[in-house]
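The hints should help you fit chain B onto chain A, whose structure is shown.
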Amino acid sequence: MEQKEIFLLIFSASLTSLVFSISLVTLFVLYHRRKDYYRKEITKTRIEIAEQTLRNISWEIHDNVGQILSTLNLYSYKVHEESPTELKPKVGELQDLIQTAITEVRGLSKALNTDYIKNVGLIKSTELELSRFKRLKFMDTQLNVEGEPFIIPDDKEIILLRIIQEFFSNSMKYARATKMDVDFIFKGKELRIYVKDNGVGFESAEVVGTGIINMRNRAKLIGAFLNLESEINKGTRLEIIYRKKNTDNVT
Amino acid sequence: MDNVWLYNIKNLIEFNILCYMFYGYLGKFAKKIGIGLVLLFNLIYFYNLIFEFDDFRSSLMTYTYVSGSIFLIVIIIMMLNEMLKVESFESITRNLLFWVSFGLFVFYATSFPIFSISNLKELLGDFQIQAAKILLVVIFLMHSILITGFLWSKKKYSY
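Listed in order, the protein sequences are those of chains A and B. Per my numbering, numbering through the first sequence is continuous, rising by one, with the last residue being 251. Per my numbering, numbering through the second sequence is continuous, rising by one, with the last residue being 1159.
Looking at chain A on its own, in the form it has when it is part of the complex:
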């Protein structure tokens, strides 16, 4: 073979290999990006379905159970009027109980309803949730807001609230907590949320329940940082850092 031919052979072989290697890595990256996109879409859909279910339950509670309780309340006034004097205190108690039930059912309906949360905002919703716990004597609660709150898009606000609610429900179910502190700290473009309970705690490395996985997936979906720290018998602390995105103003 001529020198030129050999050189051409080497050149073409090198070029082919170069194209092959670059295209393989590019394909790899593209595939990964698409996979990531699909995963995010799936999580989003799953959360939307969960929200829809919660909303339906909320409507059902409000329109069905709520109405029955209201009717019961009306009847109770009638019963109160017509009942003999010795029974009046008992009927009065009954009325109080019905009132409490109505308030509770309304509170629950509000906590579940996405539209309501969208209207009142994240902090107010958290406050309502905490006051419900206080009212039901589940635990002592404290809410703290520092800094100047900025606007967070509705869908992200709901996700943040659902993460906090998940933490609340875990604290009640497993941790038997008697105290709950929630801090919202707005600083520049950053919102830091700290939720702390005084429950039994868990070994951070060992426990990975569906609740925790859900919390992490939700945080990942809105690009928030989530950290869960726990110490046995000292309680659990949830930290969420949400950074305001430039696209947030558009939505």
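Hint data in this document are derived by calculation from the structure and do not stem from the laboratory. Just so it is clear, the structure is predicted and the values come from calculations on it, not from any experiment. Please note that a few of the clues may not be correct.
With a straight-line Cα cutoff of 35 Å, these simulated DSBU-like cross-link-like pairs (lysine-lysine) come out [unchecked claim]:
| # | chain 1 | residue 1 | chain 2 | residue 2 |
| --- | --- | --- | --- | --- |
| 1 | B | Lys1154 | A | Lys234 |
| 2 | A | Lys156 | A | Lys173 |
| 3 | B | Lys1155 | B | Lys1010 |
| 4 | A | Lys244 | B | Lys1155 |
| 5 | B | Lys1155 | A | Lys196 |
| 6 | A | Lys35 | B | Lys1028 |
| 7 | B | Lys1010 | A | Lys220 |
| 8 | A | Lys35 | A | Lys4 |
Positioned in the frame of chain A, the structure of chain B alone reads:
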């Protein structure tokens, strides 16, 4: 060509270290293949060393270089395959290992046709310079990728 034996020794160390570097990130089955490839490379190397000792001293051992490059590429592809199982897209592009493997992949895939000729001067004559230029471009490309990786990667995404 007096110091060419140094390059031959360097190749042995280089391929073994690079294979070892990627080996830790392979899956269970891929690890077996990886070990097989590394053993095969060393076998080829020492076969050449023992039976063609004159070549070892006087010229680049092309068989070992080419086989080393191909084995390394296979290991890198297996490692990229392993990376597909990792969660997010960002964790891949921000991972230093990804960029290092990409750079080495491009370099070894493109340069082994040139290194497969032990005596460039005899075979290519004046075209030797052109071949060196190709090599220069490839080296430039590899280092650009590596530098991008060092700048772009984040510590929290490293393995």
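Results of checking the hints against the structure:
1. B:Lys1154 to A:Lys234: 33 Å, holds
2. A:Lys156 to A:Lys173: 26 Å, holds
3. B:Lys1155 to B:Lys1010: 30 Å, holds
4. A:Lys244 to B:Lys1155: 23 Å, holds
5. B:Lys1155 to A:Lys196: Holds, at about 29 Å.
6. A:Lys35 to B:Lys1028: Holds: Lys35 (chain A) and Lys1028 (chain B) sit about 23 Å apart, inside 35 Å.
7. B:Lys1010 to A:Lys220: Violated, because 45 Å separates the two Cα atoms, which is more than 35 Å.
8. A:Lys35 to A:Lys4: 46 Å, violated
Of the numbered hints stated above, those contradicted by the structure are hints 7 and 8, listed in ascending order.
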